[in-house]
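Turn these sequences into a full structure, and let the hints steer you where they fit.
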Amino acid sequence: MLLFVGSYAEASESGVELFHFDEAAGSLTKQAEYAGLKNPTFLNVNPDTKSVYAIAELVHEDGSKSGAVAHFRYTEQSLQLVNQLPTVAGTTCHIQRDQSNQYLIVTSYHGGMIGLIKLLEDGSLGETIDVVQHSGSSVDPERQDRPHPHSSFFSPDGRYLYVQDLGLDKLLVYTLDQEQGKLLAAGEVKLPAGAGPRHLAFHPSLPIAYVINELDSTVSVFRYEAATGQLDELQHISTLPEGFNGENGTAEITVSADGRFVYGSNRGHDSIVVFAVDEQGKLSVLQHISSGGGHPRHFTLTPSNRHLLVANRDNNNIVVLERDAASGKLTATGQEAFSTKPVCLIPVQ
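Heads up: the sequence shown runs through residues 1 to 349, numbered per this note's numbering.
Bear in mind the hints are in silico, worked out from the structure with no lab data behind them.
All values reported here derive from a predicted model rather than from experimental measurement.
Hints may be right or wrong, so weigh each one.
Stated by the list, open to error - Restricting the straight-line Cα-Cα distance to at most 27 Å, the calculated cross-link-like pairs of lysine-lysine (BS3-like) are: (1) Lys-38 <-> Lys-118; (2) Lys-182 <-> Lys-118; (3) Lys-190 <-> Lys-282; (4) Lys-38 <-> Lys-329; (5) Lys-282 <-> Lys-341; (6) Lys-65 <-> Lys-118; (7) Lys-118 <-> Lys-30; (8) Lys-341 <-> Lys-50; (9) Lys-329 <-> Lys-65; (10) Lys-65 <-> Lys-38; (11) Lys-38 <-> Lys-50; (12) Lys-50 <-> Lys-30; (13) Lys-341 <-> Lys-30; (14) Lys-182 <-> Lys-65.
If you want it as structure tokens, here you go:
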């Protein structure tokens, strides 16, 4: 298995890395790295074209910043930069690819906007052809005084795009006009005030979506209507153990391949929370386990679901946890790899 890593990095540092993961030994070995991009924090990988897309940050002569996207070709032991192009006027925090491999979507937290980038047939970068600016605010005067879209995820059928806006306490829903190259507004989903939605994951078989909320450390469980794209909330559950009163912000969420368990990360409590999923898709807490470092901004299940790998930004490490398929619970293996401020992990079989 290959593991691609994005990080907070200066242009002089290695910001994009490629590891090999030996699942039998549970060990990570670095194969390649690339220095030259500022803050390539989030990645998207297309194995069909051997392409890695990394967001990056451009700093202009007047000190202002904007977004960029870099395109790499990869082998099992190399990363080669193809080119880099500017994207939207604000710095970006997330990148997504549509199911037809025709477009990339970048999300700008600080700029309050999303951008649509055309891809060429061979996977090469085209131009940014559409930008949508969000507007509004919510209840937190410091974190929600303006729009802060944090990620975009497509519905299972690829028909709808959900943009989690932390600043608005909303999921803004779009459709993608493939022919015109436009993002079209298709509705919105409101969350509890002060929730701060960050990332989303769909259940593999039930019509259920899970949204992890950064500001109030919860997961919102929604019933998903495929025909309309509507999400109706069924549950709002804490990611923290009872009695914890420290500062915390959640980050990543994912669902096991069998649909029986949901995993989320806590930054502050510095843990992975494990939820059991019932027949209706609702959650109950099974376990909290240490992330093995500070600020677990991102994590991923391996394709086999035998391991969960955690990117701990503040401890500069990627930690290997073993997963029990029957119980869904995680155990520490003692295995880890050094990586400077890792914040995104993308596995490829």
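Now for the hints, and whether the structure bears them out:
1. Restraint check: the Cα-Cα separation between Lys-38 and Lys-118 comes to about 22 Å, which is no more than 27 Å; the hinted pair holds.
2. Annotation: proposed proximity of Lys-182 to Lys-118 holds, straight-line Cα distance about 10 Å (limit 27 Å).
3. Restraint check: the Cα-Cα separation between Lys-190 and Lys-282 comes to about 19 Å, which is no more than 27 Å; the hinted pair holds.
4. A threshold of 27 Å between alpha carbons decides the hint, and for Lys-38 with Lys-329 the separation of about 36 Å lies outside it, so the pair is violated.
5. At roughly 34 Å between alpha-carbon atoms, Lys-282 and Lys-341 are farther apart than 27 Å, so this suggested pair is violated.
6. Of the supplied pair hints, the one linking Lys-65 and Lys-118 holds, its CA atoms being roughly 22 Å apart against a limit of 27 Å.
7. Note on Lys-118 and Lys-30: the hinted pairing is violated, with a Cα-Cα distance of about 31 Å set against a maximum of 27 Å.
8. Taken as a hint, the Lys-341 and Lys-50 pair is honoured in the structure, with Cα atoms around 25 Å apart against an allowance of 27 Å.
9. With a C-alpha separation of about 42 Å, the suggested pair Lys-329 and Lys-65 falls outside the 27 Å cut-off, and the hint is violated.
10. Pair hint Lys-65 plus Lys-38 holds up; C-alpha atoms about 11 Å apart against a cutoff of 27 Å.
11. For the hint linking Lys-38 to Lys-50, the alpha-carbon distance of about 22 Å falls within 27 Å, and the restraint holds.
12. The suggested pairing of Lys-50 with Lys-30 holds, with an alpha-carbon distance near 18 Å, which does not exceed 27 Å.
13. Note on Lys-341 and Lys-30: the hinted pairing holds, with a Cα-Cα distance of about 15 Å set against a maximum of 27 Å.
14. For a cut-off of 27 Å, the pair hint linking Lys-182 to Lys-65 stands: about 25 Å separates their Cα positions.
In summary, the structure is inconsistent with hints 4, 5, 7, 9 from the numbered list given earlier, while agreeing with the others.
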